[in-house]
Amino acid sequence: MRFSFATLLRQAFTGNAWPEQWRSPEPKSAYDVVIVGAGGHGLATAYYLASEHGVRNVAVLEKGWLGGGNTGRNTTIIRSNYLQDASAALYEHALKLWEGLAQTLNYNVMYSPRGVLMLAHTEHDVRVFRRHVHANRLAGIDNEWLTPEQSRQFCPPLNVSRDLRYPVLGAALQRRGGVARHDAVAWGYARAASTLGVDIVQNCEVTAIRRDANGAVTGVQTTRGPIAARKIAVVAAGHTSVVLAMAGLRLPLESYPLQALVSEPVKPVLPCVVMSNTIHAYISQSDKGELVIGAGTDAYLSYSQTGGLHIVTHALEAICELFPTFRRLRMLRNWGGIVDVTPDRSPIIGLTPVPGLFVNCGWGTGGFKATPGSGHAFAATVGRGEPHPIVAPFALDRFRTGRLIDEAAAAAVAH
Amino acid sequence: MLLIRCPFCGARPENEFSPGGEAHIARPPDPSAVDDAAWTDFLYMRTNPKGAHAERWRHTHGCGRFFNCLRDTVSDKIVATYPVGQQRPDAE
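Same order as they appear, the protein sequences are chains A and B. Going by this note's numbering, the first sequence opens with residue 1, and the numbers climb by one from there. Going by this note's numbering, the second sequence opens with residue 1001, and the numbers climb by one from there.
Don't take each hint at face value.
Beta-carbon label-pair distances, calculated as ranges [claimed, not checked]:
{"hint": "1", "chain 1": "A", "residue 1": "Ala245", "chain 2": "B", "residue 2": "Gly1085", "range": "23 to 29 Å"}
{"hint": "2", "chain 1": "B", "residue 1": "Pro1019", "chain 2": "A", "residue 2": "Asn334", "range": "46 to 52 Å"}
{"hint": "3", "chain 1": "A", "residue 1": "Gly54", "chain 2": "B", "residue 2": "Pro1083", "range": "58 to 64 Å"}
{"hint": "4", "chain 1": "A", "residue 1": "His124", "chain 2": "B", "residue 2": "Arg1065", "range": "54 to 60 Å"}
{"hint": "5", "chain 1": "A", "residue 1": "Val242", "chain 2": "B", "residue 2": "Arg1027", "range": "23 to 29 Å"}
{"hint": "6", "chain 1": "A", "residue 1": "Gly54", "chain 2": "B", "residue 2": "Pro1019", "range": "20 to 26 Å"}
{"hint": "7", "chain 1": "A", "residue 1": "Ala208", "chain 2": "B", "residue 2": "Ile1078", "range": "42 to 48 Å"}
{"hint": "8", "chain 1": "A", "residue 1": "Pro265", "chain 2": "B", "residue 2": "Gly1085", "range": "30 to 36 Å"}
{"hint": "9", "chain 1": "A", "residue 1": "His53", "chain 2": "B", "residue 2": "Ile1078", "range": "46 to 52 Å"}
{"hint": "10", "chain 1": "B", "residue 1": "Gly1085", "chain 2": "A", "residue 2": "Glu52", "range": "38 to 44 Å"}
{"hint": "11", "chain 1": "B", "residue 1": "Ala1037", "chain 2": "A", "residue 2": "Ala245", "range": "17 to 23 Å"}
{"hint": "12", "chain 1": "B", "residue 1": "Lys1077", "chain 2": "A", "residue 2": "Ala6", "range": "54 to 60 Å"}
Which stretches of chain B does chain A cover? Using the computed rule of at least three CB atoms under 8 Å from a CB of chain A, they are [stated by the list, open to error]:
{"hint": "13", "stretch": "1010-1018"}
{"hint": "14", "stretch": "1070-1076"}
{"hint": "15", "stretch": "1084-1090"}
Covered stretches of chain A (in silico footprint by chain B; criterion: 3 or more residues with CB under 8 Å from a CB of chain B, positions within the stretch not fixed) [as the list claims (entries may be wrong)]:
{"hint": "16", "stretch": "167-178"}
{"hint": "17", "stretch": "201-210"}
{"hint": "18", "stretch": "247-260"}
{"hint": "19", "stretch": "382-395"}
Source of the hints: derived by calculation from the structure; they are not laboratory data. Model, not experiment: these values are computed from the prediction. Even for Gly, the Cβ is constructed at its ideal location relative to N, Cα and C.
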């Protein structure tokens, strides 16, 4: 069913139940491509494989439920003002797709370009962010420098007093940045992919990767039986190391819990997204009215999907310092997701040493913003069997050649 | 917050310590003799296991010494801490 004002009206008056948004078929015994992981990136990959590369015999396998990992746990921030040319191109590719995504998918993903304000608190921050602004403007990406007073005008509740322990010395603002509804992104891609013939199989965990005598992949073993495929695309976020270990691969990844929390819902108080890498906090307000707050990662490797309370305490102290009016808000929920972090804080996208095995991982603390661009370019890579030009610099091979894409400054905490 | 038993000082809260990444990764003894692939493996490749993980910690705000720790990465439960140079406890 195509969503429109007419279908909305008809459903309202006839009282019919809305149909299921995607099919839940039993897995077939063979597919052309098997995608491991039904998060935003995996579903987007399936959608673009079907819509742009004519590969419709595709299964997306998910060990839990659709969009239940980091897609449903992140703080939904979208921006593209990265320092290095390769990253700026990748994230800008995604941002351009965000702008038309609701129309493309016929699903309201609630993309809201309300502006992302990144605060500078030290002289070092100021220099780094100004360098980002200049690099972005040379690459044709909007990013501008605001003084503390301009920052306060753009975001009135922000405390720009000189009395702060780390006063706001200025901010970088990307006006096209903002937020989107994370669940709607997963649901929209799932619905669009399913309509094109992609099978989405939930509660189906991959337990082994099968290979032939030459080492090429022939399929996967799952908790719902064996599935044959000549191409396997692993998009498993924090569990990528676990899945690729089944093919004997070691990766430059470490998995950490990253936490977020939401407050009780209040009337609109915060007009934009505010991020502070230096004092470890980022915040925006959801359409429901909750303040969505992101904290840092734990210091040690873990798959626990929780995190230390001292980490969120630290983030809340920073939020209360920046926004004294939020001090009396109560927090409703707190959760963790497992993020896969690379040494240079840039993702790994492309081929692996195993023939037929592709990987899209290492998004660390900030993969949500890249969902459409990542899926689009990765689908081209899987479909053609060679790297799409935008993701070519992000190959696994860069750790051997030394061509790292260092985004540690962009992604130290808040990505 | 973890409660970590430093082999030299006893049990202390996690925020006295700094993590040092995966343990038992030896630097190649003759660096010029190894190829790029071996260097990549030493510098970047990590086991990142879901389960038992041997890792280094440093008691930064205490004795300042490095030691190793065997921890389950699903439950975060610490199985053992032991001085650098000793074999991984579950490998015996």
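Here is how each hint holds up against the structure:
Here the CB-CB span from alanine 245/A to glycine 1085/B is close to 28 Å, well matched to the stated 23 to 29 Å. The hinted window of 46 to 52 Å between proline 1019/B and asparagine 334/A is violated, with their beta carbons roughly 22 Å apart. Against the hinted window of 58 to 64 Å, the Cβ-Cβ separation of glycine 54/A and proline 1083/B comes to about 60 Å, which satisfies the hint. Under the hint 54 to 60 Å, the C-beta atoms of histidine 124/A and arginine 1065/B, about 31 Å apart, miss the expected range.
Checked against the hint of 23 to 29 Å, the pair valine 242/A and arginine 1027/B passes, with Cβ atoms roughly 27 Å apart. At roughly 47 Å, the beta carbons of glycine 54/A and proline 1019/B sit outside the given window of 20 to 26 Å. Look at alanine 208/A against isoleucine 1078/B: about 30 Å separates their beta carbons, and that is not inside 42 to 48 Å. Proline 265/A and glycine 1085/B have their C-beta atoms about 55 Å apart, which leaves the hinted 30 to 36 Å range violated.
A C-beta distance of roughly 48 Å is found between histidine 53/A and isoleucine 1078/B, which places it inside the suggested range of 46 to 52 Å. About 56 Å separates the C-beta atoms of glycine 1085/B and glutamate 52/A, a value inconsistent with the hinted range of 38 to 44 Å. Checked against the given bound of 17 to 23 Å, the beta carbons of alanine 1037/B and alanine 245/A, roughly 18 Å apart, stay inside it. Taking the beta carbon of each, lysine 1077/B and alanine 6/A are about 57 Å apart, inside 54 to 60 Å as hinted.
Here's how the stretch 1010-1018 of chain B fares: 3 of its residues keep a CB closer than 8 Å to some CB of chain A, so the rule of at least three is met and the hint holds. Residues of the stretch 1070-1076 of chain B lying with their CB closer than 8 Å to a CB of chain A number 5, which satisfies the three-residue condition for coverage. Judged by the Cβ-Cβ criterion of 8 Å, the stretch 1084-1090 of chain B is not covered by chain A as claimed, because only 0 of its residues qualify and three are needed. Residues of the stretch 167-178 of chain A lying with their CB closer than 8 Å to a CB of chain B number 0, which falls below the three-residue condition for coverage.
With 0 residues carrying a beta carbon less than 8 Å from a beta carbon of chain B, the stretch 201-210 of chain A misses the three-residue requirement, and the given coverage is violated. Check on the stretch 247-260 of chain A: 6 of its residues sit with their Cβ under 8 Å from a Cβ of chain B, so the three-residue criterion for coverage holds. Closer than 8 Å: that is the beta-carbon criterion, and the stretch 382-395 of chain A has 0 residues meeting it against chain B, so the requirement of 3 is violated.
In this structure, the hints that do not hold are numbers 2, 4, 6, 7, 8, 10, 15, 16, 17, 19, in rising order.
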